[in-house]
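Student: With these hints in hand, go ahead and build the complete structure from the sequences.
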Amino acid sequence: MTIASWTQWICFVALSAGVVIGSLGVVLLPNIVYSAFLLGGVFLSVAGLYLMLNASFVAAAQVLVYVGAVNVLILFAIMLVNKKETLAEIPGLPLRRLLSGGVCAGLFLLLLRVDVTTPWAVPGPSPVGNDATIRIGIHLFSDYLLPFELASVLLLMAMIGAIVLARRDVFTVDVITGEDVDQALIEKMRTPLLVETTPTQNPALEATR
Amino acid sequence: MIIPLGALSTLFAEAAPAAALPPGLGITALQLNAGAIAPESAILIALLVCLLVDLAGEEAASRWVPPICYAGLGTALVLLALQWNAPVEPSFLGSFLADNLAVAFRAVVAASTLLSLLISWRYVEQSGTPVGEYAAILLAATLGAMFLCGATDLVSIFVALETLSVSSYLLSGYMKRDARSGEAALKYLLVGSAAAAVFLYGASLLYGLTGGSTGLEAVGLALQTSATPVTALALVFVLATVAFKIAAVPFHQWTPDVYEGSPTPVVAFLSVGSKTAGFALALRLLVGCFESFDAQWKVLFTVLAVLSMTLGNVVALAQTSMKRMLAYSSIGQAGFVMIGLVCGTEEGFAAMVLYMAAYLFMNLGAFACIILFSLRTGSDRISDYAGLYQKDPLITLGLSLCLLSLGGIPPMLGFFGKIYLFFAGWADHQYLLVVVGLITSVVSIYYYISVIKMMVVKEPQEASDVVKAYPPITWNLTGMQPLRAALVACVLITAVGGVLSNPLFNWANGAVAGTPMLQQAIASGALSSAVG
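Note that the protein sequences, when read in sequence, are chains A and B. Take the first sequence: its position 57, counting from 1, is numbered 392 in this note's numbering, and each next residue is one higher. Take the second sequence: its position 18, counting from 1, is numbered 20 in this note's numbering, and each next residue is one higher.
Read the hints as simulated data drawn from the structure, not as lab findings. Take the hints with a grain of salt, since some may be wrong.
[What the hints assert, rightly or not] Each computed DSSO-like pair below joins lysine-lysine, with the alpha-carbon atoms no more than 27 Å apart: (1) A:LYS523 <-> B:LYS189; (2) B:LYS178 <-> B:LYS189; (3) B:LYS393 <-> A:LYS523.
Quantities reported herein were computed from a predicted structural model and do not represent experimental measurements.
Tutor: Here it is as structure tokens:
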């Protein structure tokens, strides 16, 4: 074996170990913060595997989307609901663990079987490797130009909408009439029609008692 | 030089192992045929200017945003009129097609936004929410809907659909201090995201079937040769998305809650603009691509139409809130339009286009009236309308005419639209649909008339407390004049348009005649019926 293939082999083993150990940690560790950080590690290792397969664009997208957005969002959610709480002991925990472990092992065996029995060497267009990024760029600026530009409008609107919904400054008065406003629907929820019927209902209620 | 879609995709396929395109291939605006999206560009410019003006503060925004929106949407409508009957050439290398169908549906969408904006200024001001962002988000929704009407590529369809949907979620949650508005936005977001995911799954299956192309033409070709279970799955997924967008039963559960919790002008837009885009999507995908699965999707759509007409119109009977009643009525109305889609004949498609245009005016007229009523009284309960004719003849007259038209009473515009739909259905032997349509129309007339009876027949002493305490009628506040103009225009067109509907008929027929995709479907449908 050459040095290059040795390096590749070592990288593969390291990344795979990262994925396997990391995901086991995500599932098994009792502290949810450790799980979230390990999940980020798993995503990064998967991105590394993509890199080894010459899919650099997918690897970059994996890091940007999963590590940069999804995982950070999960951490935010954990931080926002970080409340000390003693959970009640779940009855029959070992049996439940055994059962779920069995189901997972079954699924794993099924996957292994598919992996072994499927002929993977299907004929098809040969992968373009690292030229894929160039190809995607050409597509984005030729036949996918319209959706690409429209996506910018979508993102702009999503950003503005998020700001509108989240910002705290509230107009307390109508800018034209100067009346008080409450940023609620004009059609108010009302129950005043029941007010005059309430006294008449009371004797009936007491009669039924 | 314009590269046709087919040539381009073969270019990509052949050059697959090497670099895709020769590096020197410059693409100019002429090749892109970018003039096809000139109306959308006008709206986009109006959107950006609205956002910039909004930086100058709320007073400046409430002064300048309305004229900017009118200018943008008016320009878009003029540019759309110029595109009418223009030679059909794919633009953006096959992502967009400005045929007459797209022009007609985009015009309906733009007009619905214009009318919704006219009736919304006072509502937005009175609720104390920012006007500039409101207009910008509504214009973005319009942009998405208009692109959806003309998109001929799965990726463009998805991005346009998401632009429309995300803007709609934001708009329905725009009254952020109101729990009902928040509930509406969250429900719409969750159900809408599920529908988008389903569409994406269906689209990925279609992409796989074509072997590497996302153009609808290629999808249609691939579907003609494959009859695998995957195709049926893709059909079901795509159909579910379309049914969600047009709120057909059983994909309608979001509608009543979203309509009740959203700001009323937004509901007006959602019930017309968003639905129009949904029908355009249905035509492009089902008629354009799934032609070889004609029988299957028509059966499914017959079921959807019967369920929508029945459930929409029957449940509307029991509603006490005006907005909820109009929500269920819009489900029923979508069922009527589906009759034209199922026919697949020239008359069927023309009747669809005609009914969407008629629905635009009568539904927005009704919404203008109920917005005016809720601005003055803060209520949308049907029982609060009792005895209104004494205090506010304009609302009473306008709402009565629009509701009669929605019910299909001659000589309103809605009557001619509906009779054309039923006629097309009967001519195509869709007897079940037409009979169900007729029966549910009678049911719908019952609940529309009961609102009119509430307003007109009650004696002054029987009037509701709200009407007894009715404020004096004034039009001098900013935003009331546009509301009045929109109300009067919609009511006039609804009332008189029926008698003078010949231009509308010609327009609808022209929309079908100038659309190669529909002509092809009609021809193949006539051929198969002649063979069968």
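Student: Would you mind marking each hint as holding or not holding in the structure?
Tutor: Here is what the structure says about each hint:
| no. | hint | verdict |
| --- | --- | --- |
| 1 | A:LYS523 <-> B:LYS189 | holds, 20 Å |
| 2 | B:LYS178 <-> B:LYS189 | holds, 14 Å |
| 3 | B:LYS393 <-> A:LYS523 | holds, 21 Å |
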